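Undergrad: Same order as they appear, the protein sequences are chains A and B. Numbering (our numbering) for the first sequence: 124 to 182. Numbering (our numbering) for the second sequence: 234 to 417.
Don't read these hints as lab results, they were simulated from the structure. These numbers were taken from a predicted model, which means no experiment stands behind them. Beta carbons: idealized from backbone N, C-alpha and C, even for Gly. Don't take every hint at face value.
As the list claims (entries may be wrong) - Pairs of lysine-lysine residues, derived as DSS-like cross-links and limited to a Cα-Cα distance of at most 25 angstroms, are as follows:
no.	chain 1	residue 1	chain 2	residue 2
1	B	Lys398	B	Lys382
2	A	Lys166	B	Lys254
3	B	Lys398	B	Lys363
4	A	Lys166	B	Lys363
5	A	Lys166	B	Lys388
6	A	Lys166	B	Lys384
What the hints assert, rightly or not - The following residues of chain B were derived to be distant from chain A, with all beta-carbon distances above 10 angstroms:
no.	residue
7	Gly298
8	Ala352
9	Ala377
10	Lys382
11	Asp396
12	Thr415
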Amino acid sequence: MLSRREHQAWSLTNHENREYRSDEERRFFDAIRNPPEPTEELKEIAREFGRFAGLKKAD
Amino acid sequence: MNLGVLPGLRKQIDLSRLEIKPLDSSMNRAAFCCCEPELCDFFRDYAEFHHNDYSARVHVAVYDGEVVGYYWLIAQSHLAGMFSSDLEPKFERIAFAPCIYLGMIAVKWSLQGNKIGYALMMHAFGQTLKAAEHVGVYALTLEAIDESKAKTYEKWNFQRFVDGKLDMYIPLGTIRRLLNETAA
Chain A
124 MLSRREHQAW SLTNHENREY RSDEERRFFD AIRNPPEPTE ELKEIAREFG
174 RFAGLKKAD
Chain B
234 MNLGVLPGLR KQIDLSRLEI KPLDSSMNRA AFCCCEPELC DFFRDYAEFH
284 HNDYSARVHV AVYDGEVVGY YWLIAQSHLA GMFSSDLEPK FERIAFAPCI
334 YLGMIAVKWS LQGNKIGYAL MMHAFGQTLK AAEHVGVYAL TLEAIDESKA
384 KTYEKWNFQR FVDGKLDMYI PLGTIRRLLN ETAA
C-alpha cells in the first residue's frame with residue numbers, strides 16, 4: 124500500500140484522462156504547429172516581469 | 234483565491250527586491266498561507282519531499298528572506314491514443330505529446346495584488362523554455378483553480394483543452410516568441 128506521500132507523488136503525475144472532441148484535438152495541434160502571437164496583455168507582463176524568466180536576448 | 238481585497242491589510246512591496254529561487258530546506262514553509270487550503274497544505278507538507286525527490290521542481294518567491302509565493306513544474310505527457318486517428322500521423326514516431334505541467338502557483342495572502350504571480354509565471358515560462366532546449370516540449374499546461382482564473386489565463390494565450398473545462402495550455406512557440414521579443 125502506498126504511503127500518503129507516495130500516493131501524493133503518484134497523483135501529481137497521473138491526471139484524469141481527458142476526452143477530446145476532434146475539433147479540440149485539432150485546435151491543440153494547430154496551436155503547437157502554428158503558435159499564436161502573444162497577446163498584448165502578455166507582452167506587457169513580459170516587458171515588466173521578463174527579467175524573472177532569466178533569459179537574455181541573443182546578440 | 235477570490236477573497237476580497239481589504240484596504241489597509243495588504244502590504245505593498247518593492248518588486249526589485251523580489252527573488253525567485255529553487256526551494257531549499259532552510260526556508261520556512263510553515264508560515265506560508267495563501268488562503269487556499271490545498272495550495273497551503275501542499276507547500277507545507279509535500280513540496281520539499283517532491284522537490285528533493287525530483288518528482289516535482291519547486292521554485293519560491295522570496296522577499297526580505299520570507300517565502301511569499303511558489304510554483305512547481307513536472308513533465309507531463311498526453312497519450313496519442315487520447316487523440317483521434319486522423320491526427321496520429323502528426324505525431325510521426327512519437328506516441329505522446331510532451332508537455333510541462335505548472336502544478337500550482339500561489340502567493341502569500343497578505344501580499345496578493347503585488348503582481349508576484351506575474352513574476353512567478355514569467356519564471357515558469359523561462360524554466361520551461363530552458364527545459365525545452367534539452368528535451369522536446371510542445372506546451373506548458375495548467376489547470377486553473379476556477380473559471381475566473383481561467384479567463385485571466387486566456388488573456389495570456391492559454392487555451393482550453395476542452396471547451397468549458399479548466400485544463401489549459403500555452404504552446405511552447407508562443408512562450409519562445411514572447412521571451413525572445415521582450416528579453417532584456
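Undergrad: Take the hints in turn and mark each one as holding or not.
TA: Results of checking the hints against the structure:
no.	hint	in the structure
1	Lys398/B <-> Lys382/B	holds (12 angstroms)
2	Lys166/A <-> Lys254/B	holds (23 angstroms)
3	Lys398/B <-> Lys363/B	violated (29 angstroms)
4	Lys166/A <-> Lys363/B	holds (19 angstroms)
5	Lys166/A <-> Lys388/B	holds (11 angstroms)
6	Lys166/A <-> Lys384/B	holds (17 angstroms)
7	Gly298	holds (18 angstroms)
8	Ala352	violated (4 angstroms)
9	Ala377	holds (14 angstroms)
10	Lys382	holds (14 angstroms)
11	Asp396	violated (7 angstroms)
12	Thr415	violated (4 angstroms)
The structure fails hints 3, 8, 11, 12 (numbered hints given earlier, in ascending order).
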